Every structure is written in structure tokens, then in C-alpha cells.
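Peer 1: Listed below, chain by chain, are the residues.
Number of protein chains: 2
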Amino acid sequence: MQITSEALERAIEELAKLPGTGRKSARRIAIYLLKQSDERVATLADSLLQLKKSVSRCSVCGTITDSDPCSICTNFKRKNGIVCVVEEFQDVYIIEKTNEFRGRYHVLGGTISPLDNIGPDNLRIRELLQRIADSEEEITEVILALNPDAEGEATAYYINKLLQNYDVKITRIAYGIPMGTELEFIDEVTLSRAFASRTVF
Amino acid sequence: MQITSEALERAIEELAKLPGTGRKSARRIAIYLLKQSDERVATLADSLLQLKKSVSRCSVCGTITDSDPCSICTNFKRKNGIVCVVEEFQDVYIIEKTNEFRGRYHVLGGTISPLDNIGPDNLRIRELLQRIADSEEEITEVILALNPDAEGEATAYYINKLLQNYDVKITRIAYGIPMGTELEFIDEVTLSRAFASRTVF
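As they're listed, the protein sequences go chains A and B.
The first sequence lines up with residues 22 to 222 when you count with my numbering.
The second sequence lines up with residues 22 to 222 when you count with my numbering.
Excised from the complex, chain A in its bound form:
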């Protein structure tokens, strides 16, 4: 096999490193880009470079942002005394999509996971406590919105224990049967949880 364009091969190789992109889709994307205008490709390349250049972490909540503090932390309309604690900044995006929660966030940056050598000090837990203690805005409720796996549960319990010393209401998002499914297809753990967490109708 003889290659006529090293530049094409290099682009394919780089694109194939992206998640969810095999060599075939990388090739398709590279050939698509070859057919686009110089400007279009420059715009794409620039948007990727800007991504690394302008994006940093919000010093208050820990989510990614172009300006510190982030637009959620500086939005006075979101000053309702409620802070939602999540594992990763992606979770902020997922929750924002629901348009349900109108308070602030606090991104831990992971969960306690002894196997991966991640302890409480590696997460933004100290910052959370400081925020509750020092914040100008009085924080009245902390919602724990961690993933319902072993690490998420452990982290939630740990934070819950620490927060006992503070005058805040601590809540968790509800774990139970997802909407639109049938009980038949739900695992026992979820079903047990749904029973334990049943609410008054």
C-alpha cells in the first residue's frame, strides 16, 4: 500500500485518537474536511485551541468557565441559598438542561475512591465547607446529586457526616424508577431503593 498524502494520514491518525472515532470515521471526517473551505477548517481548529486557552475552573464552584467566577456563581438571580453538589462539571451541564434547579453548584471533581488513591483531600470538599462557613450568601440547603454507585454513596455519606456540624439542610436527589420504563426491567437494587424512598401520594 502506497500513501500519497502524509498530511491526510496524519490528520486521520489524530482524529482517530478522539473518543468514539475509529479509523474509518476518522478517515470520513478527514475527507469531509478536505472538501470544506480553508475558512471552515480554520474555524474548527481555532475552536479547539480556544477550548484549551480560554477554559479554566471557577474558583468558587469548580465548574469549567471562560471567566472566573463562572456565570452561574455571579448570576444574582440564582442566589437562593441552595448549593447542589455534583461529581464532575459535566453533571452541571446535565442538570442545567432540565431547567429545574435554579441555585448554585459545587463540583467535587470526583468521588472518594481508595482503590484509585483518591481521598477526601483530593476533592473540593474543604472548599465546600469553607463556602458554607464563609459565603456572603447564606447557604441554607445542600443537595447531594452524586452518582448512585459505591463511590458516590460513600462520598455522599462522608459529606453528610461533615455537614452535621453546620446549620444547613442536607438533601439528596431521589433515586428510584426512571420515568418511562416498566418495573419488569428494573434491577432489584433500584426497586428496593424505590420502595425505601417511597413518598406520600
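If you are wondering where the hints come from, they were derived from the structure by calculation, not from laboratory data.
Source: prediction; values computed, not measured.
Just so you know, not all the hints are guaranteed correct.
Which copy is meant is left open, because identical chains are indistinguishable; a pair holds if it fits in one copy or across any two.
Unchecked claim - In silico BS3-like pairs for lysine-lysine, Cα to Cα no more than 30 Å straight-line: (1) LYS73 / LYS38; (2) LYS73 / LYS118; (3) LYS56 / LYS118; (4) LYS118 / LYS100; (5) LYS45 / LYS118; (6) LYS98 / LYS118; (7) LYS98 / LYS45; (8) LYS73 / LYS45; (9) LYS74 / LYS118; (10) LYS98 / LYS74; (11) LYS38 / LYS118; (12) LYS190 / LYS118; (13) LYS182 / LYS100; (14) LYS56 / LYS73; (15) LYS190 / LYS100.
Go by the hints and put chain B onto chain A.
Peer 2: Just chain B, lined up with the frame of chain A:
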């Protein structure tokens, strides 16, 4: 929904324009890139820019190349008098992958398609004739490797007719039953073609 990073949104938007990439995968890629080193992202962006900058068409065969004429056209080992005519430069890559064909290529840049306003003059057919007439290397055989659809067939017939005036052998790649399938699943047109093109065992 409140967005905390315009740069992230812009990158997602640009990535979502790529073929086979919806907003979800674009988001996944952008977040992946955020976690990579500045260098890695710069390498990717540069490879895309270089793609547009260094890649051009080979003036002899019409395939894409970093240097004109391309490495296949200048490879003296491939001087065997055989030229394989294909529709698009992607086909060169596909045929090269088989390591079967060791001659040169000629990329038409499409097929005759009156509905799309593409006539013989829009393709590199004149260049093919000129190549057969003028080339220092004597061309003894032209293999037509066009797609077996209406446009490919029409184009093959058209070129075949033109080449009657030249002293070259004209052949076509075999169209028939693909390897590894069962006759049961083959359409009638392919099966008829396989019968018509049967070879001595």
C-alpha cells in the same frame, strides 16, 4: 439553562458539524480534549490545518497528494503500463489497501450524471486520453474500476467507446458475488451479472 463556557459550546458546535458526529459525541470529544494537554490539542488542530494547506491534487493522476506529481505517479516500480481508472481519490486508497494492483491510477473526479449537470467535460476524461496519447511510459492496459451503479456504468461505457481509437487493452474489474456471502442473500441483478461474467474454472 445557563452556559458557563462559551468556548466549550463553540467547540461542541464546530465538532457537531462533522459527519457522523451528533451533539452528544461532539460534547464527549470536547470534554475529552479539555482534559488533554495543550500540546495534544495543538497537534490535532495543526494536523487539520496542514490537511488543507499541504494537500493538493496530483496533476497527472488527480489523486490527493502532498507533492505533485504524487508518490504513486513518480514510483518507477509502478511503471507497468497499466492505469486503473477510478471515480474518486478515496477509491485509490481502497484499492491500495488490497496490495493487489501495482500500476498507476487515474481519478476521474466523479461520474457522468446529467441529473447533477455533470458531463464528460467536468471529469478528467480528456486528461486520460492525453495521458494515453502522450505519456512517456507506454500505457498498454486501462482497467475501469468504477462503481457498479447507473452513473458508473454509463461512464465506463463512454470511456470504453472513446478508448476504441487508442491502442490499449480495456478491461473492467469483475462484478459478481462478494466473497464470504451466501447466494441466498444476493440480489438478482448481481446474480445475473455473476452468471454473465462467469469464468473458466
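Peer 1: It remains to establish, for every hint, whether it holds in the given structure.
Peer 2: Quick rundown of the hints versus the structure:
| no. | hint | verdict |
| --- | --- | --- |
| 1 | LYS73 / LYS38 | both (17 Å within a copy, 20 Å between copies) |
| 2 | LYS73 / LYS118 | within (24 Å within a copy, 36 Å between copies) |
| 3 | LYS56 / LYS118 | between (34 Å within a copy, 22 Å between copies) |
| 4 | LYS118 / LYS100 | within (19 Å within a copy, 61 Å between copies) |
| 5 | LYS45 / LYS118 | between (32 Å within a copy, 13 Å between copies) |
| 6 | LYS98 / LYS118 | within (17 Å within a copy, 60 Å between copies) |
| 7 | LYS98 / LYS45 | between (47 Å within a copy, 29 Å between copies) |
| 8 | LYS73 / LYS45 | both (27 Å within a copy, 19 Å between copies) |
| 9 | LYS74 / LYS118 | within (25 Å within a copy, 39 Å between copies) |
| 10 | LYS98 / LYS74 | within (29 Å within a copy, 48 Å between copies) |
| 11 | LYS38 / LYS118 | both (29 Å within a copy, 21 Å between copies) |
| 12 | LYS190 / LYS118 | within (25 Å within a copy, 64 Å between copies) |
| 13 | LYS182 / LYS100 | within (25 Å within a copy, 78 Å between copies) |
| 14 | LYS56 / LYS73 | both (26 Å within a copy, 9 Å between copies) |
| 15 | LYS190 / LYS100 | within (16 Å within a copy, 81 Å between copies) |
Consistency with the previously given hints is maintained throughout, with no hint failing.
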